[in-house]
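Student: So the chains spell out like this:
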Amino acid sequence: MNSGGSISGGSLPLAFLPEGAKATVSDIQGEKSIVGHLADMGFTPSARIMILKSCPPGAMLVWVKEARIALGRGMAMQILVNEIEEL
Amino acid sequence: MSTKTKDTGEQITAALIGNPNVGKTEIFNRLTGLSQRVGNFPGVTVEKKGGRFIHQGQVVDVVDLPGTYSLTAKALDELVARDFIVEEKPNVVVDIVDGTSLERNLYLTFLLMELDANLVIALNRWDLVKARKINVDLDRLSELLGAPIVATVATTGEGLEDLKSSIIKVAHDQKKSKAILDYGNDVEAGIKSISAVLNEKPDLLKRYPPRWLAIKLIERDERVLEKANSMFSGLQMAKILEVIGYE
Numbered sequence: 001m002n003s004g005g006s007i008s009g010g011s012l013p014l015a016f017l018p019e020g021a022k023a024t025v026s027d028i029q030g031e032k033s034i035v036g037h038l039a040d041m042g043f044t045p046s047a048r049i050m051i052l053k054s055c056p057p058g059a060m061l062v063w064v065k066e067a068r069i070a071l072g073r074g075m076a077m078q079i080l081v082n083e084i085e086e087l
Numbered sequence: 088m089s090t091k092t093k094d095t096g097e098q099i100t101a102a103l104i105g106n107p108n109v110g111k112t113e114i115f116n117r118l119t120g121l122s123q124r125v126g127n128f129p130g131v132t133v134e135k136k137g138g139r140f141i142h143q144g145q146v147v148d149v150v151d152l153p154g155t156y157s158l159t160a161k162a163l164d165e166l167v168a169r170d171f172i173v174e175e176k177p178n179v180v181v182d183i184v185d186g187t188s189l190e191r192n193l194y195l196t197f198l199l200m201e202l203d204a205n206l207v208i209a210l211n212r213w214d215l216v217k218a219r220k221i222n223v224d225l226d227r228l229s230e231l232l233g234a235p236i237v238a239t240v241a242t243t244g245e246g247l248e249d250l251k252s253s254i255i256k257v258a259h260d261q262k263k264s265k266a267i268l269d270y271g272n273d274v275e276a277g278i279k280s281i282s283a284v285l286n287e288k289p290d291l292l293k294r295y296p297p298r299w300l301a302i303k304l305i306e307r308d309e310r311v312l313e314k315a316n317s318m319f320s321g322l323q324m325a326k327i328l329e330v331i332g333y334e
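Protein chains in written order, with the numbering used here: chain A, 1 to 87; chain B, 88 to 334.
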């Protein structure tokens, strides 16, 4: 889960997705405590997410595991995702 | 605190816990009628509501804990909920889960099982579960989790009388939840090594669930590490750190 830093093929930070975009979580980068906290919130490997609201450069509202979670842009940069067409 | 009323048939304390937005407060209000009041946990600003109900002649004090996804020592609301369960040892912990999102909600359930809480699970939004044709085998789930499950609809009050009966039954039942989550060979070996050290402090194990302590040490939970540091000798801590790693 806690990989070194390079972004693997096709993955991009969740923060870059526009409203309405759907994706699956591929990796979470950063300190162990942040990775653990995001996992507690439902951001686990291959979890499906959807961007409900995005207010660059501010926070975003994300649908994950049947709940809406608000994320700061910084945290959203640490979650790597692969975009998908359908949830 | 455990002297309060374990099996005397006097007062029972039941703590309500659950993820945010599962209908927890609605269930609290349904259980307690108009008797709820708002209070504060000592020393922190996270609100706790207290109320009570009487069912089958039994008085039950109900405490509404903050809604949380997890029980780490890092977030104040999570710590408040966890400290209440660990230190105050309520007779029953009512875990309110949203039946339409079990994957998310059962995570907290597992954390509560590890805390050795006397659990009753209220599977809320049962009307939506049925409307969405989600198939939940309540008997099987109850068996797997080692706790009674009551299907509820907080908005209509459906299942609330059954929930009250279950709370009282579990409070008088000394049987603890037996189901445990197996973390696989590597982690289980670590739990075993740490447990061997923990066994050298029997009074600690009386206050806290042994397996929970071992898991929290492996997770490097700040509070539990602090406690261990204050209670164990250098040699004992060295044995623990050998398993969890120095940082």
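Read the hints as simulated data drawn from the structure, not as lab findings.
Keep in mind the model is a prediction, meaning the values are calculated, not measured.
Virtual Cβ for every residue (Gly too), placed ideally from N, Cα, C.
Incorrect hints may have been included.
[As the list claims (entries may be wrong)] Below, in silico cross-link-like pairs of lysine-lysine (DSBU-like), each with a Cα-Cα straight-line distance of 30 Å or less:
{"#": "1", "chain 1": "B", "residue 1": "Lys217", "chain 2": "A", "residue 2": "Lys65"}
{"#": "2", "chain 1": "A", "residue 1": "Lys65", "chain 2": "B", "residue 2": "Lys314"}
{"#": "3", "chain 1": "B", "residue 1": "Lys220", "chain 2": "A", "residue 2": "Lys65"}
{"#": "4", "chain 1": "A", "residue 1": "Lys32", "chain 2": "B", "residue 2": "Lys217"}
{"#": "5", "chain 1": "B", "residue 1": "Lys136", "chain 2": "A", "residue 2": "Lys65"}
[Said to hold, decoys possible] Selected chain A positions facing chain B (in silico; Cβ < 7 Å):
{"#": "6", "residue": "Met41"}
{"#": "7", "residue": "Gly42"}
{"#": "8", "residue": "Lys65"}
{"#": "9", "residue": "Glu86"}
[To be verified] Each pair of labels, with its calculated beta carbon distance range:
{"#": "10", "chain 1": "B", "residue 1": "Leu163", "chain 2": "A", "residue 2": "Leu87", "range": "27 to 37 Å"}
{"#": "11", "chain 1": "A", "residue 1": "Ala70", "chain 2": "B", "residue 2": "Thr243", "range": "40 to 50 Å"}
{"#": "12", "chain 1": "B", "residue 1": "Ala283", "chain 2": "A", "residue 2": "Glu19", "range": "52 to 62 Å"}
Student: Please go over all the hints and tell whether each is borne out by the structure.
Tutor: Hints and how they fare:
The straight-line distance between the Cα atoms of B:Lys217 and A:Lys65 is roughly 19 Å, inside the 30 Å bound, and the hint therefore holds. Between A:Lys65 and B:Lys314 the CA atoms are separated by roughly 35 Å; this puts the pair beyond 30 Å, and the hint is violated. For the given pair, B:Lys220 sits about 18 Å from A:Lys65 by alpha-carbon distance, which is consistent with the 30 Å threshold. Restraint check: the Cα-Cα separation between A:Lys32 and B:Lys217 comes to about 39 Å, which exceeds 30 Å; the hinted pair is violated.
Taken as a hint, the B:Lys136 and A:Lys65 pair is honoured in the structure, with Cα atoms around 28 Å apart against an allowance of 30 Å. Below 7 Å, beta-carbon pairs count as interface contacts, and A:Met41 has one with chain B at about 6 Å; its hint therefore holds. At about 6 Å, the closest approach between the beta carbon of A:Gly42 and any beta carbon in chain B falls short of 7 Å, and the interface hint on this residue holds. Here the hint on A:Lys65 is kept, as its CB sits about 4 Å from the closest CB of chain B, short of 7 Å.
Annotation: A:Glu86 was flagged as interfacial toward chain B, and the flag is violated, the nearest CB pair being 18 Å apart, outside 7 Å. Taken as a hint, the range 27 to 37 Å holds for the pair B:Leu163 and A:Leu87, whose Cβ atoms sit roughly 33 Å apart. For A:Ala70 paired with B:Thr243, a C-beta distance near 30 Å fails the hint of 40 to 50 Å. Taking the beta carbon of each, B:Ala283 and A:Glu19 are about 53 Å apart, inside 52 to 62 Å as hinted.
Hints 2, 4, 9, 11 from the earlier list are contradicted by this structure; the remaining hints agree with it.
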